[in-house]
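Residue numbers (numbering that gives the first Met the number 0), protein chains in the order written: chain A, 0 to 450; chain B, 0 to 407.
By construction, these hints were calculated from the structure, which means they are not laboratory data. As the structure is a prediction and not an experimental result, all values here were calculated from the model. Here a beta-carbon is modelled for each residue, glycine too, at the ideal position from N, C-alpha and C. Treat the hints with care, as some may be off.
As the list claims (entries may be wrong) - On the chain B side, residues computed to face chain A include the following (Cβ under 8 angstroms): (1) 39; (2) 43; (3) 45; (4) 48; (5) 80; (6) 82; (7) 133; (8) 174; (9) 175; (10) 271; (11) 385; (12) 389; (13) 391; (14) 395.
Said to hold, decoys possible - Pairs of lysine to any residue residues, derived as SDA-like cross-links and limited to a Cα-Cα distance of at most 25 angstroms, are as follows: (15) A/144 / A/100; (16) A/144 / A/295; (17) A/341 / B/111; (18) B/345 / A/378; (19) A/431 / A/337; (20) B/219 / B/235; (21) B/3 / A/233; (22) B/405 / A/295; (23) A/233 / B/403.
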Amino acid sequence: MSKDIRIRKGLDIKLVGEAEKITADATRSNVYAIKPEDFHGIVPKVIAKQGTEVKAGDPLFHSKSNENMLFPSPVSGEIIEIVRGAKRKILAFKILGDKEQKYTEFGVKDVNSMSGDDVKTHLLASGCWPFIKQRPYDIIANPDKAPKAIFISGYTTAPLAADSDYILQGKEKELQTAVTALSKLTEGEVHISVGKKGSSPLKGLNNVTTHTISGPHPAGNVSVQIAKVDPINKGEVVWTVHPQDLVIIGELLLTGRFNAERVIALAGSSVKTPKYYKTIIGTEVSSVIYNSGVHDEGNIRVISGDVLTGENVKPDGYLGYYHNSITVIPEGEDYEFFGWNKPVFNKISPSRALTFSWLFPNKKYDLNTNTNGEHRAFVVTGSYENVFPFDIYPLQLLKACVVNDLDAMEQLGMYEVAPEDFALTEFICVSKQPHQNIIREGLDLMLKEIG
Amino acid sequence: MGLKDKLHKLKLKYKDKKMAPAFNAIHTFLYLPNEITHSGAHVRAADDLKRTMNTVIMALIPCLVFGMFNAGYQHHLAAGEIEAVTSGFFSGEFWTWNNFTVGLWKVLPLVVISYGVGLAVEVLFAVIKKHEVEEGYLVTGMLVPLIVPIDTPLWMLAVAVIFGVVIGKEVFGGTGMNILNPALTIRAFLFFAYPTWMSGDKVWVHGAVERANEIAGGAKLDAISGETVLGSLAQGKELSYSASDMFLGFIPGSVGETSAVLILLAGLFLIFTKIGSWRIMLSGVLGALAMGLIFNGIVSADWISESSKFYSLMSTEFWHHLIIGGFAFGIVFMATDPVTASQTNKGKWIYGFLIGFISILIRVFNPAYPEGVMLAILLMNVFAPTIDHYVVQGNIKKRMKRLKLKTA
Chain A
0 MSKDIRIRKG LDIKLVGEAE KITADATRSN VYAIKPEDFH GIVPKVIAKQ GTEVKAGDPL
60 FHSKSNENML FPSPVSGEII EIVRGAKRKI LAFKILGDKE QKYTEFGVKD VNSMSGDDVK
120 THLLASGCWP FIKQRPYDII ANPDKAPKAI FISGYTTAPL AADSDYILQG KEKELQTAVT
180 ALSKLTEGEV HISVGKKGSS PLKGLNNVTT HTISGPHPAG NVSVQIAKVD PINKGEVVWT
240 VHPQDLVIIG ELLLTGRFNA ERVIALAGSS VKTPKYYKTI IGTEVSSVIY NSGVHDEGNI
300 RVISGDVLTG ENVKPDGYLG YYHNSITVIP EGEDYEFFGW NKPVFNKISP SRALTFSWLF
360 PNKKYDLNTN TNGEHRAFVV TGSYENVFPF DIYPLQLLKA CVVNDLDAME QLGMYEVAPE
420 DFALTEFICV SKQPHQNIIR EGLDLMLKEI G
Chain B
0 MGLKDKLHKL KLKYKDKKMA PAFNAIHTFL YLPNEITHSG AHVRAADDLK RTMNTVIMAL
60 IPCLVFGMFN AGYQHHLAAG EIEAVTSGFF SGEFWTWNNF TVGLWKVLPL VVISYGVGLA
120 VEVLFAVIKK HEVEEGYLVT GMLVPLIVPI DTPLWMLAVA VIFGVVIGKE VFGGTGMNIL
180 NPALTIRAFL FFAYPTWMSG DKVWVHGAVE RANEIAGGAK LDAISGETVL GSLAQGKELS
240 YSASDMFLGF IPGSVGETSA VLILLAGLFL IFTKIGSWRI MLSGVLGALA MGLIFNGIVS
300 ADWISESSKF YSLMSTEFWH HLIIGGFAFG IVFMATDPVT ASQTNKGKWI YGFLIGFISI
360 LIRVFNPAYP EGVMLAILLM NVFAPTIDHY VVQGNIKKRM KRLKLKTA
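Only chain B is shown next, with the shape it has when bound in the complex (with noise of 0.2 angstroms):
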């Protein structure tokens, strides 16, 4: 007897049990389900939820992989025991498996706690209200770990993971229900509970931090700093990365939004995928240029003087915005979550233009933090609704008016 026919005994032993959900969410990983047609059409498409939320991993894979080979080079990198790359991409000096082993060592707790405790609390739900587990923590789960720092305590993680699912999600009716990203409350209670370790220069460099308390505690020791592209341009310092550094990834910042040219691909992908809405990507970029062009038109018009505190970043060139921060990351895999972007084609494309549009201003603006795509993500969820009600009511007033001149 098979594998197969053991589980099917399985499942059918388990059926209407309180487990049941836990059950057939891992039987439902290995085999698609034996479930036909019981009403309405009789074949159905191949495609299931599963294989889309598993499209979006598979696109996440590269990112995560680069991810973890940055965290090793940018903590060898500045503690000076490895030289800065130097031949594009493919540089002997980033991929080197000591690079991989310390990235690999820090940046797989974080998938697993976000993956475990994340689904813990998912199935503990389904098993409470007696649904099929959904599969929308899948992407959720992997999308947590690239979008925080890389020494983020793994408690903090978990405690925020919990927040999110829970109020984020379930408090919703679950998967489909939400009105905000999960894994951007999920970065957002972090940013707000734990400010200290999601801002400023300590913090996005394996190690900096235990060399400041170190050096706290008196040893003498040179300090470890990583900052930011945006962390230095919101303090008006000198830029050390050019924008090929930037393009290709080899920054300091949350462990997997560094690489654009990584998250383009990722986007092309999704978008020849059909899985990922190129309207969304298109229209937030298109607004995040508008966005960096007013402010570059700004600084040409000497409205602003250079001692402003928002100089550097308004005279940012305006197509660098792109490539610096997690805005890319953002727009590619956060603001095209169908839940909770608009619903509508139309709505689709003021939605991801004012995601752009807002990301930078906030990211200009911003004294404290400076990075404005998780904020104007979560402002643009909420306010997707009301952009979708009034593509509705368009097509509502359409069918009235044809309705008038017909009485009329």
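Chain A extracted, bound-state conformation (with noise of 0.2 angstroms):
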């Protein structure tokens, strides 16, 4: 049954630089690095030994706990450096990449007369089962554990992301094949939710039911989306697919070949011409920023992903596996000469304590990375819950992980959020806590003690 979504509670950060709708080619990479850090609780095991050769598709590592998940390279090339940390931990697989992309042929097939175990064995065996990811825990998704639903958001929201109605155009074949595969892989529906206005190409897909939704962030992100369709109850387990892998797990299916391209948007204030960009996962991030060029090039931040949930990458690091965009903006490690107590004009706040964004609601900021203060105790009360729209008591949950109280996580909804949803309530801290690593960390102690 198709539901008309509205979300009231949440806070739209409206900054400067966002991408332009045109897209650009990158430049290739020399080297693309994949980082099993980006599959949070994966334990890898070596397949491709350093020196081997690849192609496009080729398995690199897989799980620790199931040897039949596998991660592919998304280029050709050889495998020039398994970078090691602390206790031998790797940090990336490093490939060289060829001028000529070699594709592993998968071979092509027919969807509709797949089963749902000839579904998930050729996404495990091609190297596409990490883009399903599953609530509770906000991790891979266990291919033995039927879900009850697949939900998939194609609504965006969050400051300045790729534009989800955008990146996708033109994909609606890869996109009807995606659903229809994972549609074999649920009991129940496979739903997708798009914005109210905006033409999304997810809006007319067959085998799945189609919700719109309105309001600003956190509505785009699905946890919020199954908090209204579904809520996930104990025990239930819910799959979300990012829709942008839709169209890589589409085309698998349609040409036989795992194809890791991907539009992404240069975004941010710091980038000279922002606007969106074809390339692969595992890219060096540099690739794409110097296209655009950069304000003040000492003084960045260069996050893959968005400014909420992003990854700080660093100007020689790489795009994240699951990430659309790269953020640029600049770093604010600088004093304030009384900062804390001068009227405010070009900062986001949610009050108006001398804070003055509430007159300018459709002004764009220019926010740097400084946190506005130092990190406190829980002190102010009944703030998040104007910008978190889940029937969830965000201050009693995140206190609930800080002291390790599994009961209290669990009774309280534990089951239903992911680190992102508390991004906003993060931003908004007036202590300054670390939201979304006291939810991470909540989280992995959950599946460590209860599973």
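Got two chains here, each in a separate frame; can you build the complex from them with the hints?
In structure tokens form, the structure reads like this:
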């Protein structure tokens, strides 16, 4: 049954440097990197040793806990280095890309005649499985546990994030193939939410239930949509896929090739000409950034992903496996004279305590990475609720996580949330507490203790 | 090299030293620190705890200034040196330099002692426990001088502040962890340790105690007495103040609590800035009005005789309760303390309503001390976690029910 979801609680963070809707080809990166840390909770077991030649789609490593779960190389080339950190933990597989891409052929499939098990085996073998994530715990889906439904969010609300409507243009065929395949993986339905306005290519797909959604961030977060459509109870599992990854899954089924190409947004106030780029997962971020140029090169933060949930990758880093945007903003490592009590016009604030962002609801801000205050104990109450559209008490849940109270975490709705859902509460937090970290650690503890 | 760089060098020098929290506390007053985000969201909103606290202090400043004028005004009025105000809030008799200087020299030492002693204790604990100095005391330190009688001896205040900060806050783990409102803990300590300085008809006007002592010593002088409105009512005396005097604040009382109009404006300011909880303030007022109406109803139903000692307080018009005594001040500034109040939005409604309700109950039935808001807030501080518990249980039950429907 299709629903019209309206979200009232939330906050749209309007920032300078939105990507213009033009797509350019990024410079080809020399080296590509796959970072096992992008796959939370996966312990990698190396398959492709240093010096091996791989084709695009060949596995680099498998999960220690499930050797059928393969993680593929996005390009063809030579493994030039496996970077290791403390305790020989693998930090990255570096692949020197070939000039001519060579693909492993997985065979063209007719999805309509495939069974659920066929789809599962095929996705695992071709390395597309890691695109499917699960709630609870926000980790890669466990293939052995059937989900009650699959959710896909086609609505973009995160600040400066790549607009799903734009990056999916012309991909209707791949999307349809992918959702048909996914619909075989669940007894329940595949739910897709699209923005009420806007023309998403996800709109008229078959074999799915389409919902419309409107409202401020975090309306685009898939957990919000799950909570409104079919909330997760204890013991239930829901899978989620980002629409950009549906394109890769669809192409695999249609052409037999794992093509890790992706349209990403390059945005942020430090970028001279923010726009969209066509590139490949694992590319050097510099191959994208320096096409557009940056202001004040010595003082930038390069984020793979959006400003709320992305990862700080430094200018010599690589695009994360799940990310579809690169954001560059100024660092804020400076003091501000009487910054705590003077009137503030150039920063966003949920209050009106001599902060005036409420006067200019449509103004775009140029925020830097300064925390605007120091870490303190939780003091203020009632403010998180204004940006948290769940039937969950956010402060109480955070406190339960801090004190590792598993029973309370379970009762207060921990199964329904992901760290990204606490990005806004973290943004407005007066005490500057690391909410996303707290939730991530809480989820990890639950996974370990309860499973 | 500017001040900014010099302080930055000092900060690096003191890093990991014992005195770091003390230095940083001063440093962050001058400069918003150069801290950048390390995990989670890369950008953050402008508000921090200092700004939040500072907003409350800004709301308190008018009450403080009014309190200074009022201290002088009550003193001169009781001594018969000036006439009572005649022409509303901006009466010339009130806003005189003469009144202000008397008040300034009485109130300023209270402020200095409150902040000096309180912050010293805070810094001491920060250094011992190796955490940063948190801003909780900024507001407490301003509240304390506003809720004590004008002639409170400074040593008493210092002792009470030490007690309040240590027992009321630090033993629980500091800012954000305390159960009782620290400012009210300080006042409650004064109240129970030195009751003669906290109630009666001599302490509310500057000079009254001194004069009484002189008279007792044989001097032939007129006694100065200045009873609070509640004090008079509790003894069934004729009231010499009009409702407008009480609303505007030209009455004896604790330093900053008298002007209901300024407190009302401060409350609206706190609600507008989204710093104070409108739920607690509104429900507190509703609770007080409800109790006031009940008492008025008892009086009009003739269930109580005029000879009863509760009669005059019970028959006080229900809405007068809002503008006499410390009720308005307590509801706007003390009940809304986010740490000790209920933390859930539903809980805030219950918490605020009960504070208002119980305040008026205690006010009417407490023969020794005719003000209830302090005790009502402290009582509800203790019950706030219980209220929250049941509100959160409601949410948990809803989730369990959803699960049962699913599995049934």
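We went through each hint and held it up to the structure:
1. 39: 4 angstroms, holds
2. 43: 5 angstroms, holds
3. 45: 4 angstroms, holds
4. 48: 5 angstroms, holds
5. 80: 40 angstroms, violated
6. 82: Result: violated, 40 angstroms to nearest chain A Cβ.
7. 133: With a closest approach of 6 angstroms, the residue 133 of chain B hint holds.
8. 174: Holds, about 6 angstroms.
9. 175: Because about 3 angstroms separates residue 175 of chain B from the closest Cβ in chain A, which is inside the 8 angstroms limit, the hint holds.
10. 271: 6 angstroms, holds
11. 385: Violated, about 14 angstroms.
12. 389: 13 angstroms, violated
13. 391: 6 angstroms, holds
14. 395: Holds, about 4 angstroms.
15. A/144 / A/100: Not satisfied, since the Cα-Cα distance of roughly 36 angstroms exceeds 25 angstroms.
16. A/144 / A/295: 49 angstroms, violated
17. A/341 / B/111: 24 angstroms, holds
18. B/345 / A/378: 18 angstroms, holds
19. A/431 / A/337: 18 angstroms, holds
20. B/219 / B/235: Not OK: residue 219 of chain B and residue 235 of chain B at ~29 angstroms, beyond 25 angstroms, violated.
21. B/3 / A/233: 53 angstroms, violated
22. B/405 / A/295: 56 angstroms, violated
23. A/233 / B/403: At roughly 10 angstroms apart (the allowed maximum being 25 angstroms), residue 403 of chain B and residue 233 of chain A satisfy the hint.
In this structure, the hints that do not hold are numbers 5, 6, 11, 12, 15, 16, 20, 21 and 22, in rising order.
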